[in-house]
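Asks: Given chain R, put chain P in place with the hints provided.
Those sequence lines, one after another, are chains R and P. So for the first sequence, this note's numbering puts the first residue at 3; every next one is plus one. So for the second sequence, this note's numbering puts the first residue at 592; every next one is plus one.
Quick caveat, the hints were computed from the structure, so don't treat them as lab data. The C-beta atom is built at its ideal place from N, Cα and C for all residues, glycine as well. Among the hints, a few may not be true.
[To be verified] If you want the footprint, here are the derived chain P segments under chain R, 3+ residues with CB under 8 Å:
hint	region
1	631 to 644
2	694 to 700
[Unchecked claim] Within a straight-line C-alpha distance of at most 27 Å, the following computed DSS-like cross-link-like pairs (lysine-lysine) qualify:
hint	chain 1	residue 1	chain 2	residue 2
3	R	K44	R	K113
4	P	K635	R	K109
5	R	K109	P	K600
[What the hints assert, rightly or not] Simulated DEER-style distance windows between Cβ atoms:
hint	chain 1	residue 1	chain 2	residue 2	range
6	P	I603	R	S28	20 to 28 Å
7	R	S14	P	D629	34 to 42 Å
8	R	E59	P	G594	24 to 32 Å
9	R	G18	P	G644	47 to 55 Å
10	R	Q82	P	D698	18 to 26 Å
11	R	K44	P	K635	12 to 20 Å
12	P	L671	R	I20	48 to 56 Å
13	R	P16	P	E670	46 to 54 Å
14	R	I20	P	G594	28 to 36 Å
15	R	S14	P	M632	19 to 27 Å
16	P	T661	R	G18	44 to 52 Å
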Amino acid sequence: QKEVEQNSGPLSVPEGAIASLNCTYSDRGSQSFFWYRQYSGKSPELIMFIYSNGDKEDGRFTAQLNKASQYVSLLIRDSQPSDSATYLCAVNRMISNYQLIWGAGTKLIIKP
Amino acid sequence: NAGVTQTPKFRILKIGQSMTLQCTQDMNHNYMYWYRQDPGMGLKLIYYSVGAGITDKGEVPNGYNVSRSTTEDFPLRLELAAPSQTSVYFCASIKEGISLQPQHFGDGTRLSIL
Numbered sequence: 003q004k005e006v007e008q009n010s011g012p013l014s015v016p017e018g019a020i021a022s023l024n025c026t027y028s029d030r031g032s033q034s035f036f037w038y039r040q041y042s043g044k045s046p047e048l049i050m051f052i053y054s055n056g057d058k059e060d061g062r063f064t065a066q067l068n069k070a071s072q073y074v075s076l077l078i079r080d081s082q083p084s085d086s087a088t089y090l091c092a093v094n095r096m097i098s099n100y101q102l103i104w105g106a107g108t109k110l111i112i113k114p
Numbered sequence: 592n593a594g595v596t597q598t599p600k601f602r603i604l605k606i607g608q609s610m611t612l613q614c615t616q617d618m619n620h621n622y623m624y625w626y627r628q629d630p631g632m633g634l635k636l637i638y639y640s641v642g643a644g645i646t647d648k649g650e651v652p653n654g655y656n657v658s659r660s661t662t663e664d665f666p667l668r669l670e671l672a673a674p675s676q677t678s679v680y681f682c683a684s685i686k687e688g689i690s691l692q693p694q695h696f697g698d699g700t701r702l703s704i705l
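Excised from the complex, chain R in its bound form (with noise of 0.2 Å):
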């Protein structure tokens, strides 16, 4: 089982409409969990960042926590163009807090 899990897609969806973004993770003790944008040939961009259960909303963006299912998710919602990237869910580890164990990320299309 691989340490932090995402669907790598491509998930497309159509323009105005809801992203939904997954991410599960094997390490109960993690407390901090990010979501990063990376546009092709970029570098990676925080979205949002969680660490209590529940939602966490920023603008278009909510942050879903479920530690006792050890699930993490990222709502957008009118979903626009622009929002055509990869999203990374990165989450620290137990043993070493400043370091974070990264997904391999899923491609999100947004449709016009």
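Replies: The following block gives chain P in isolation, referenced to the frame of chain R:
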């Protein structure tokens, strides 16, 4: 502020050659990281440093070396380049080892070993 600066942006090496990837940050961050990203994959940690003079191995350290003589600089050394080291290399930093802090990334170095 320039943030995290990586040089060079692109490089082609021959098998067996050596080179140093440079990384500099001007944010006075204590923690610095080197990752590699292969096509269609996530980031793999090569080495990291929690402060000047302190470095440690990540998940994939073989074939690489690092040093951290100053807070600002964290160079990555490839001694004997191999085709398996063809990848995109990212340097990142955070202020301290607080788990909630996002990592700040450089623009990356695209390295091809032929």
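Asks: Are I20 of chain R and G594 of chain P spaced within 28 to 36 Å by their CB atoms?
Replies: holds, 32 Å
Asks: Does the Cβ distance between S14 of chain R and M632 of chain P fall inside 19 to 27 Å?
Replies: holds, 21 Å
Asks: Indicate whether the distance between the beta carbons of I603 of chain P and S28 of chain R respects the range 20 to 28 Å.
Replies: Given about 37 Å between the Cβ atoms, the range is violated.
Asks: Verify the CB-CB distance for Q82 of chain R and D698 of chain P against the hinted window 18 to 26 Å.
Replies: Holds, since Q82 of chain R and D698 of chain P (Cβ atoms, about 24 Å apart) stay within the stated range.
Asks: Please count how many residues of the region 631 to 644 of chain P have a CB within 8 Å of a CB from chain R and say whether that reaches 3.
Replies: Answer holds; 8 residues pass the 8 Å Cβ test.
Asks: Within a Cα-Cα threshold of 27 Å, do K635 of chain P and K109 of chain R meet the stated pairing?
Replies: Holds, at roughly 18 Å.
Asks: When you take the CB atoms of K44 of chain R and K635 of chain P, is the distance between them in 12 to 20 Å?
Replies: Given a distance of about 18 Å, which is inside 12 to 20 Å, the answer is holds.
Asks: Are there three or more residues in the region 694 to 700 of chain P whose C-beta lies closer than 8 Å to some C-beta of chain R?
Replies: holds (count 5)
Asks: Given a hinted range of 46 to 54 Å, is it respected by the beta-carbon distance of P16 of chain R and E670 of chain P?
Replies: holds, 50 Å
Asks: Lying within 47 to 55 Å: is that true of the beta-carbon distance G18 of chain R to G644 of chain P?
Replies: Roughly 53 Å apart at Cβ, these two residues keep to the hinted range, so it holds.
Asks: Keeping to a limit of 27 Å between CA atoms, is the pair of K44 of chain R and K113 of chain R held or broken?
Replies: Between K44 of chain R and K113 of chain R the Cα gap is close to 21 Å, so the pair holds against 27 Å.
Asks: Per the hint of 44 to 52 Å, is the separation of the Cβ atoms of T661 of chain P and G18 of chain R within bounds?
Replies: The hint (44 to 52 Å, Cβ to Cβ) holds, given that T661 of chain P and G18 of chain R are roughly 49 Å apart.
In this structure, the earlier hints numbered 6 and 7 are contradicted, and the remaining ones agree with it.
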